[in-house]
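Taken in order, these protein sequences are the chains called W and C. Here the first sequence stands for residues 1 to 90, numbered as in this note's numbering. Here the second sequence stands for residues 1 to 906, numbered as in this note's numbering.
Take the hints with a grain of salt, since some may be wrong.
Quick list of in silico lysine to any residue cross-link-like pairs, SDA-like style, CA-CA up to 20 Å [said to hold, decoys possible]:
#: 1; chain 1: C; residue 1: 761; chain 2: C; residue 2: 854
#: 2; chain 1: C; residue 1: 51; chain 2: C; residue 2: 101
#: 3; chain 1: C; residue 1: 788; chain 2: W; residue 2: 30
#: 4; chain 1: C; residue 1: 795; chain 2: W; residue 2: 30
#: 5; chain 1: C; residue 1: 787; chain 2: W; residue 2: 30
#: 6; chain 1: C; residue 1: 787; chain 2: W; residue 2: 33
#: 7; chain 1: C; residue 1: 795; chain 2: W; residue 2: 44
#: 8; chain 1: C; residue 1: 761; chain 2: C; residue 2: 784
So these bits of chain W aren't anywhere near chain C, every CB distance computed over 10 Å [said to hold, decoys possible]:
#: 9; residue: 50
#: 10; residue: 53
#: 11; residue: 70
Hints are computed from structural coordinates only; laboratory data are not their basis. Built from N, CA and C at the ideal position, the CB exists for glycine as well.
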Amino acid sequence: MQLITCPWCGPREETEFHYGGAATVPYPADPAALGDDAWARFVFVRPNPKGPATEQWSHAAGCRRWFTAVRDTRTHRFLATVDIQPEVPR
Amino acid sequence: MSRVDGYGWAIDRSRTVSVTVNGRAYTGHPGDTLASVLFAHDVVALGTSVKYRRPRGIAGSWTEDPTGLVQIEEPFPEPMLQATAVEITDGLVARGVNGQGRLAQVPDHARYDRLHTHCDVLVVGAGPAGLLAARDAARAGADVVLVDDRPTPGGALTGTERIEGRPAREFVADTVAELATHPGVTHRQRTTAFGHYDDGFVLALERRTDHLRDAPTTRSRQRVHRIRAARIVIATGAIERPFVFDDDDRPGILLASAARDLLHRHGVLAGHDVVVATTDDSAYAAALDLAGAGARVRVLDARAAVPTTWAARCADAGVPVEAGTTVHGTRGTERITAVVVGDDRAEVPCDLLLVSGGRNPAVHLFSHVGGPLAYDEARGAFVPGGELDGVEVVGAASGAVDPLEEMPPLVLWRTDGDPARQFVDLARDATVADVARAVGAGMTHLEHVKRYTTIGTGHDQGKTSGMLAAGITAELLGRPVAGLGTTTFRPPYTPVAFAALAGRARGELFDPVRTTAIHDRHVRLGAEFEDVGQWRRPRHYPRPGEDMTAAVLRECAAVRGGVGILDGSTLGKIDVQGPDAEVLLDQLYTNLMSTLKVGRVRYGVMCGHDGMVVDDGTVLRLAPDRYLITTTTGNAAAVLDRMEEWIQTEWPGLRVRLTSVTDHWSVFAVVGPRSRAVVGRVFPDVDVSNEAFGFMTWLDTTLDGVPVRLARISFSGELAYEVSVASEYAPALWDRLLAAGAPEGITPYGTETMHVLRAEKGYPIIGQDTDGTVSPHDLGLGWAVSKKKTDFVGKRSFARPANHDAARKQLVSLLPTDATTKLPEGSQIVSFCDAGALPPPPVPMLGHVTSSYHSAELGRPFALALVRAGRERVGEVVHVPVGTTLVPARIGGSVLVDPEGARRDG
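Here chain C stands alone, though its shape is the one from the complex:
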C-alpha cells in the first residue's frame, strides 16, 4: 500500500469502498478515483495501446491523461473512460482497455436531460482565478453561474498554498460558502463546459449520479446545461505537458503535477523511488512534496542552471538536483525500473518517473468561438492572442506566469533518441517517426500534420500531445513554431456521450408522432401503420393469416367491387382567405383558380421557378374570398411556408391570409361503386345523385346538428365522397359511416391500397413518382397547366428548349411480360440493342421504376416508371435488371384501369 497518513483532503478515510479492476478487488475511500485506488495499491499498468499493444498505465491526474483508459463493466458498460476521472463507488467493475473499448450491448435505462440557463456571468473553472472572478461578480450583484469539471472546487490547488493570507483549502471553503450566500449564484461541480459557441452560449455536461451510491432512478444521470451568458470568464487553468524521449509511454511515467495531486488530494504516494525530469520550476514542488511524504527523489533539470531557492530547499530535503541533465529513455516492462540519463546514458533505477515539460494554457474554450491564439516563444505554448467580445481569460489559462517561478523554463520538445520509440501521442500510438513521415510527405501546417498522423484526435484531444506535435514538426521543418499556423480547438473539450446530447429525445420522444382523431379505431381494427412524415397512418388492415400483399389485394378488390373507407385526415389543409386569395392561387398553381366557382373543386399543381412539380392537391372554393386547399401529407408545412414566403416577400401588398387547418378537419374518403348508398344512408337529407351532386363539387350539410362537408373527389377513379368534419366529431362520424356501410361490407383500407388504386389510374404521388426534375407535362398533366394566364410560378421555364426535348422522361406504365414479376421500385430500365443482348457498359439508362404493385383489378403486377420519350415508346418492350436477371416489360399508357373514366360517377 502506498497510502500516506496526513495527506488526502479529498478522501473520507472513515469509509471504505470496494471496486474490481482487471479481475482483482481493491479498496479505496469515497473521494478516490480509479487511478488513485490503483496507485494506492502500487498498480500502474492498466491495458495495452491501440496500435502496438504496448503496456500502458496512468500518466496524468485528470482529463489530460492520454493512456489510463478503462472499460467500465458494472454498474453499466461504458467504453474508454479515463481512470483518473472515474470516481469510485461500491461494486464498480472495470478493466484496462486493450486497444479499443466496447459499447454496451444492452439498453441504457438511465435518464439524460438538459437545462437552459441565462445569466450575467458564466465562470468556467473553480480554481483560485475562477473563484475570485465569481466572487467579484456576485458581490457586484450579478447573476453568476460557476461550473467546474472536478468533484471539488479549488482547481489545481494542492492545499499547500496560501491565498489572501489563509491556507488555500480554507480560502476555497470560505469563498464557496460566500458564493452560496448570494441568491444570484449557481455553483456546479462535476460540470464540464465542453463547448463554447457564438453570443455567449456554452454547453456544459453535469455528471449527477455516478459518484453516488444510491441515486434515485428518477434523477438524470447526466445533464447538458445550455447556458447563455452576457459575459464569460474562462478560468480553465493550464495543463502540464511532458516532453518526448525513447520509451516515454512505459507505465510508471507520470506528469509531475499528477503525482503531487495524487499525494495531496488522495493521500497516495505514486512511487517510492522517484526521478523527476523537468524543464521548469514547477516540478520542484512535486519533488519536495513526494520527498516529504517519504519517497526517495532526485531531480534532473534540463536547464543549464537550476533555480537557486528551489535547489536550496531540495538540498535541505536531501533531494539531489542535477542541472543540464535529462532523460533519454527508460527500462522496464510492466512498470518502469530505470531511466536512461544524461549524455553517458547512465541507468538510474526508479519505480516512478515524473516529467514536466512546461504548461499549456487551457485555451480550448477561447478558441472554440474563434478566439485568436498566439505562440509564446519563451514558454512554448499557445496563449490567447487577442480579444473576444464578452469573453475574458483569467489565471493560468491566460498564459499568466506562476508567481513562484524563479527561472524561465527551457522549451524542450524531445531528447535525442530513436524516433520510432518516441511517443508523441500515447492515445494514438503516434511517434516522432510518424511526424517525420508527415513532414516528409509535405505537410507543413499543424492541421495537416494532425490529420496525417491522427495526433490529437484521441479521447484526450491532444491536451498534452498537441503542443509537442507542433514543436517537433517545427524542429523537423527547421522553422519556428509560430510559422506553422495554429490549430483550432473544437468542441467537445472532453468526450460527451451521445445519450447525453440526445437527452430525453430518444425512443418515443425522439420525434413527435402525429395520429389522427380515430387512431384508436385503427388500432382496434388491427391496422399495420406506416410513418408518413410525422404522421402514423394505417398502411393496411390485415385479417388473421393475411400478409400485406393479401390484405392489400383484398382491400383493393373491396373498393373497386363494393365500398371502402380511408382515413384521409392527414392531408395538408390550408384555409386561404382574403380579397386577393384568387390572385395568390393563380400565381402559385399552374391552373386558373380565380375562375373556380364557389361550390366547386379543382385539382391543382404547384411548380417551382424551374417549372418542376413541387406539390399537388385539390382546391375547394368556399366563397369568393375564401379557398380551402389540400397538400400532400408530407409536404403540408413546406407548401404553407412557400405560400407565406410569397405573400410576405414577393407580393407583400396582397390582402390574403393563410391558416393551417390540417388538424382541425378530419376527412374520410368513402370510395367505390356502393359509396353512394352508404353516404345517402348517413345523410338522408342530401341528394347524392350524380345530377344533384356532381363530380368535383362540394356541399355543406349537418349530421345531428354538426356541420359536415361532402365533396365528390376521387383518388381511385371510383365513385367517391370525401366526408369532412371538425376533428372532435371524427370518431362519431367514422362509427356512423362504418355502421351504415355494414350491409355493403364497407372495408377500411390503408395507404398501401390507396397507392395501388391511384397508380392503376396513373395518378402520380409527388415525391414518389417525381424527384424535382419532373414537369407537369412529363407527368401527363399538361391539361392542368393554364394557357390563359399571363404568368404563374414556373410558367416561364416551360418555354425553355429543354422542356420541349422529346427525350425527356415521361410517366408511363410498365407491365412485366411474364405477368408475375413485381419490379422493385427504383429499378433501372435499359434497352437491348438489336442483337437481343445488353449493350456494352456503360449501359444506357432509359429511366427507372417509381411505383410498383400487385393489382387485384388487373390480376397481375404493374409499375409506373419515368422513361425517356416514354409516351412515344408505348408498346415497346424494355428490360429491367432484377437481381441477376433481366425482366422484360412492356411500356403502356399511364392509365391502366378504366381509361375512359366510366366509373367516376357510379
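Chain W on its own, in the form it takes in the complex:
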C-alpha cells in the first residue's frame, strides 16, 4: 500500500485518500458560450497520459482537504503533492 504525502498531514496510507480526476479540466468560465462538442469534451473527455499526470486528490479520511498531485501513471509514484492555493475571494 502506497504512502501519499498530504500537503497538510504528511505521509498517510493510500486508503485514506480519494482520487478526484484530472486537475487540468477546470469548470468552464461560461458554459453557455460553449458549443455542444466543446461542452461534451468538458463533461466526458479526460486526459489519460502515460507518465506524469496532474490530478486532484482529497485526504478524505483525514483532514478532508483537496490537493493537486503529479503522479506517474506508469509507476503510480507521486512526484509531487501541493496544496491548492486559494484564489482571491470573489
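Based on the hints, put chain C in the right spot on chain W.
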C-alpha cells in the same frame, strides 16, 4: 518406527502427543509436524490427487510441498493444509485430502485480529542470513522486526553446520538471545510475511494458538501484522526443486533437503533403502546424513563427473555414487518400491527416492512489489535482477551460491519418458503433456502457459513446479528460458484464511451500524428494521398477526385518515454557512436558492455536469448567510463530498463552510389531517394554523426551554410538520409527541409506508426511481429548474439535443388493469404489436418498473415506472412480463392521490 536416537533437536521426547490420521492413531512429540509423525510411522501415502486420483504423499518438508495435503477435522475443520506445516497437538484429527478439501460447516468462534507495526528494519527470515542482518541492525540501534514462518529460528540449518566458529544451533541460540536484549527488536516465529507492497509495507500472518494445548480462548488464533518498514531485508532462503520423470508423483519420493530436515529436526529417518537422484552437490549431505543414521543409500548424479570431495566422503561412508546416471521412472503403488535407472532402465529397489534438481531462490517478496527478476542460466533459476529502493535481498534468496559447492549444478528439467506420466505440478495434476498442449496451442509466454495449464496455481503456488514449467516450456519451444519472460509473483506467499484477513471485522463488527437516538423506542414498538446505507431504520411496525403488507396498509390508512409519526432523523443534514453560501447553493442546485427568504423552505434538485439528477432534498434558509440543507439518507456523505470538492477545487475563493449535522438533529415527521391538533397540543405557544404557519416555512420555538424547530414540509401530500430537536432530547420529544397524539391514535410508521405515501404522490426517490440517466425534466421536476440563473451545474447539458428527445424515458404511474397484480420492481415494460401479440425478439423495451406497492388509499396495487415518451402515452395500456404471464397495465400521470394538492394545508 523410524525414529532415530541422537537426532531431532526440534522435538521434546519427554512428552508424547497423540493424533489421528485417516482413522489411525499415531503418537509423536511436541515439535513434530503431521508429516514427521507419519514418516516416523513409515506412512508416506496420504490421499489422492485432484484430477487423476493417483495416490499422493508427502514430498517436501515445509510449505513448498505440492502434495501432502490434509483435511483437519479436529479441533476445527480446515481444508487442504500441508501435513508438513501442521504442528501436532493432542487430539488433532486429520485425514488425507482426496481431490479437494471441505470447508467447515459450523461457525468459527476463534478470534482473528491485526496489529500495526512501524519499524526501521524488517527482516524476513530467521535463517543465518536473516539473523545476521537483524543482529547488525539491532547493534546499530535500529528498531527491528524479525519474522520467520517456521516454529523455530534457524531457517534451513540442519544443526550440522558451523557458523562464527560455533555449531549452528549454538549460533542461532546465541543470536536470538542477543536480539532479545535489544529493546528495539521484535522477533516473531510462526509468522509468514505473505505479501510485500509499496513503500515498505508488508503483511505477515502469525499463527498464535494452533500449536498450543491450552491456549486461552481470548487469545487470537491468527494475527495479521501490518508492518511498515523503512528498510526491508529479504532473507527467505531458497527452495529445493525436483526434476521431472515418469511417475514422479509416487508416495515415497521426497526432496533431498526434506529428508535431511526430517532427520535433524525431528529425528525421523524417512526411508531405509534410499536412492538419491541429484543434479548438484547439495544432495550429497542428505545422502551422507541418512547413511550415518542407518539407511542404505546410493547416489545417482546426473552430471558426467562427480564432486571429488563429496564422492570421497561417500566412499568412506559406504555410499555408492554413480556419475552420469539418473532416474527415468518409478515402480510401486501406495509407496515407491523401485526406481528405473540409467539408459538400460535397470530397476533399483528402494523405499525412498530423494530428488534434488537445484534451488529456486525464494524471490517472491522481492517480486511482489515489482522487483525485476533475471534468469541465471548456470543455475536454472530466477534471481533478483535489479534494485528496489529500501529493499535488500540477502543469503540464498539473492541467488548466492552455497560456499560448500564444489562443482556447478547441471540444469535438468526432465528425463526422457512418457510426457503424460511426467508430473510437473503435482498440486494441479499437470504433466509435461499439458505443457506440450499449451505450447501447441500457441502459448509462448510463461504467464500464458501458467493460465492454460493451471501450473503454479495450487496451494503451493508453484514453489517447486513453476521453474520446472518454465524450463520444460523453453525446451519444447526450443528457446532459451530467458526469452520466455518472467512470471510475476503475487501475494499471498502461502494461503491465508479469509477469516484472518477479515480479523475482527465480521458479524456485527463487519460494518458500522448507525441507529437513531430513539432506536430503543423502535425496538420496543416491535419495528422490523431495514438497512439504508449504514443506518438501521424501522421499515414498519407490525402488530401481532400482521405481515408487512398488512402493517403497511394499516399505517398508510392511519396517516391519510388521521395522524402518523415517522423517525426521519437519518436524513442527511448539512449546515452551510458564510457570506457566499447562497452563491454556492445557486451553483449546485437547479433552482434559485439566493432568493429564498429567511424562514422559508424550498425543495431542491442537484444534477451532475451531465444534467442527470444526483440528489434532492429541502433547503431551509436560517439566516442571510446560513442554510440547512437535507439530502437523501444514503447519499449524505456523497453530497457533502461533492460540495466540498466544489468549494475547494473549482471556486476556492468562496467564503462558505460546510458542516455535517446529520447526527446532531433528530427529526420527527408528524403527518396526516390530525397532525395540526397533535403539534398544537405539544407546542401551545405556537400558532399552527395555515395562515400563521404556512406550507414550506419553518419557525423556532422551545419545549421546556429546549430549542425545537418546526417546519411545514410534506413527503406524503398530507398536512405535516417536521419537528427537529438536538438529538440528546430526541427520546423525550418522541415520547411527548406520542403521548399528545394518543387521542388521535397517532401511528408510528416506517420507511415502507413512507415510500408508499410518496409514490402515491409521484415523489421520486433518487437512486430508486432514477439511475443516473434521468434528468429533472424526465421526473416531471422541470418546475424546479431555474430559468433565471445564467448557470448552475448541469444547466448547459439541458440544452443538448438528447435532452429534448421526445422518446426519453419519463416517470409515470402504472395501474395493472386487473387491479390485483403487484408488479415486481425492475420488471421490463413491453408494448404489443397491433395483432395483440408480442413482437418477435428482440422485443423492444419501453422502460421498467421503478417502484411498486399496494395502496390503501387506492385500494389496489400501483407502480411508478420510467417509460419512453411516458407522458405522451398516458392512458395507453402496456404489458409487463411477470413470470410467464404478461400483465396489462395502464399508464397514468405520476400523481395518483390528491393531484390537486388539497390535503397539503389540512
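task = Please write out, lowest number first, the hints stated earlier that are contradicted by the structure.
result = Violated hints: none at all, because every hint is consistent with the structure.
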